[in-house]
Amino acid sequence: MEVLSAAGIRYSEKETWENPIEKEADIVAVRQQVRDLAKEHRFDQFAVAALTTAASELSRNVWVHAGRGIARIRVLRNRNRVGLEIEFVDHGSGIADLNRALAGGFSTSKSLGLGLSGTKRLVDEFDIDTGLGRGTKVVIRKWKKEF
Amino acid sequence: MPTGPIPILKIGSTLLVTIQIELHDTVVDSFQEDVLEEIEKSGASGLIIDISALETVDSYVARTLANTGKMAKLMGTETVIVGMRPAVAATLVRMGYFMEGIHTALSLEEGLEVLGSQAKVPDTE
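Chains A and B are the protein sequences, given in the same order.
So the first sequence is numbered by my numbering: it starts at 5 and just counts up by one.
So the second sequence is numbered by my numbering: it starts at 159 and just counts up by one.
Wrong hints could be hidden among the right ones.
[Said to hold, decoys possible] Derived coverage of chain A by chain B (criterion: at least 3 residues anywhere in the stretch with Cβ under 8 Å from a Cβ of chain B; other residues may be distant): (1) 33 to 45; (2) 54 to 60; (3) 82 to 88.
[As the list claims (entries may be wrong)] Short, incomplete list of chain B residues facing chain A, as computed with Cβ under 10 Å: (4) 217; (5) 219; (6) 246; (7) 254.
Hints listed in this document are in silico derivations from the structure and should not be mistaken for laboratory results.
Yeah, the Cβ is synthetic: ideal placement off N, Cα and C, and Gly gets one too.
One chain only, chain A, in its complex shape (with noise of 0.2 Å):
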């Protein structure tokens, strides 16, 4: 089955897949498959390291702050346009503080500080919805250049 979006973005039930993250190895798992589907669709070499690094933060961030979630990830098909979208959803206690936690810098835990900032800086399309005990869910796009 076929769905298109409200914008125009359409993704195949055939191309989607769901990795649960509820183990360190998840991690991995995640962005090794991330990076064969970004160089199974010819994302440059840039891309597929931007791609995989994003998915390699955003799957850690699950892991560490909610202990288990999910990462859906779809091929998207926009006239002529390839890109891969990633989800990562989780029921954790969520991001009391968005605005700080974008703003970079800022750390709970063993990770960078640079998550979400950095991450957000990787790809073209980010959205989070998030609150505290809501939960978070973050989607990343990233097109393929044409040239």
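The hints should help you fit chain B onto chain A, whose structure is shown.
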């Protein structure tokens, strides 16, 4: 020599570590401890970490590598990270991470040169 997943070789007074596997956080942590213990045991004056096989270096790996270099420095051993891929360098800088305070070189050969010049010219800063 430690029997962890990342082999540590000694060549003269230099330890050479070539990272060729996808790094889990716990592997990175144990790697750091293995390297520091090996520096103590071997009395090596230089440490080269070759990351040319790594396609992804995220903030956790980058920070652990840089911290390993700083720890080695406290012990009296200079560290050079060699072979960082262009896409890895671009990604780290875009994220705002510059691996400050760490020597880098394009290749193993240049890394050895950096260590050689460090040994000859004492730091006068």
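Quiz item: Holds or violated: is the Cβ of residue 217 (chain B) closer than 10 Å to a Cβ in chain A?
Solution: With Cβ-Cβ at 4 Å, under 10 Å, it holds.
Practice problem: Please verify that hint: residue 246 (chain B), Cβ, nearest Cβ of chain A, below 10 Å or not. | Solution: 6 Å, holds
Practice problem: May I ask you to test the interface hint for residue 254 (chain B) with respect to chain A, counting a Cβ-Cβ separation under 10 Å as satisfied? | Solution: With a minimum Cβ separation of about 5 Å from chain A (threshold 10 Å), the hint on residue 254 (chain B) holds.
Exercise. Return the status of the interface hint for residue 219 (chain B): holds when the least beta-carbon distance to chain A is below 10 Å, violated otherwise.
Key: 9 Å, holds
Quiz item: Are at least 3 residues of the region 33 to 45 of chain A within less than 8 Å of chain B when you compare beta carbons?
Solution: As far as the region 33 to 45 of chain A goes, the hint holds, because 3 residues have Cβ atoms under 8 Å from chain B.
Quiz item: Has the region 82 to 88 of chain A got at least three residues whose CB is nearer than 8 Å to a CB belonging to chain B?
Solution: Since three or more residues must qualify, the claim that chain B covers the region 82 to 88 of chain A is violated, with 0 doing so at under 8 Å.
Quiz item: Are there three or more residues in the region 54 to 60 of chain A whose C-beta lies closer than 8 Å to some C-beta of chain B?
Solution: Contact hint for the region 54 to 60 of chain A vs chain B: holds, 4 residues under 8 Å.
Checked against the numbered hints above, the structure violates only hint 3.
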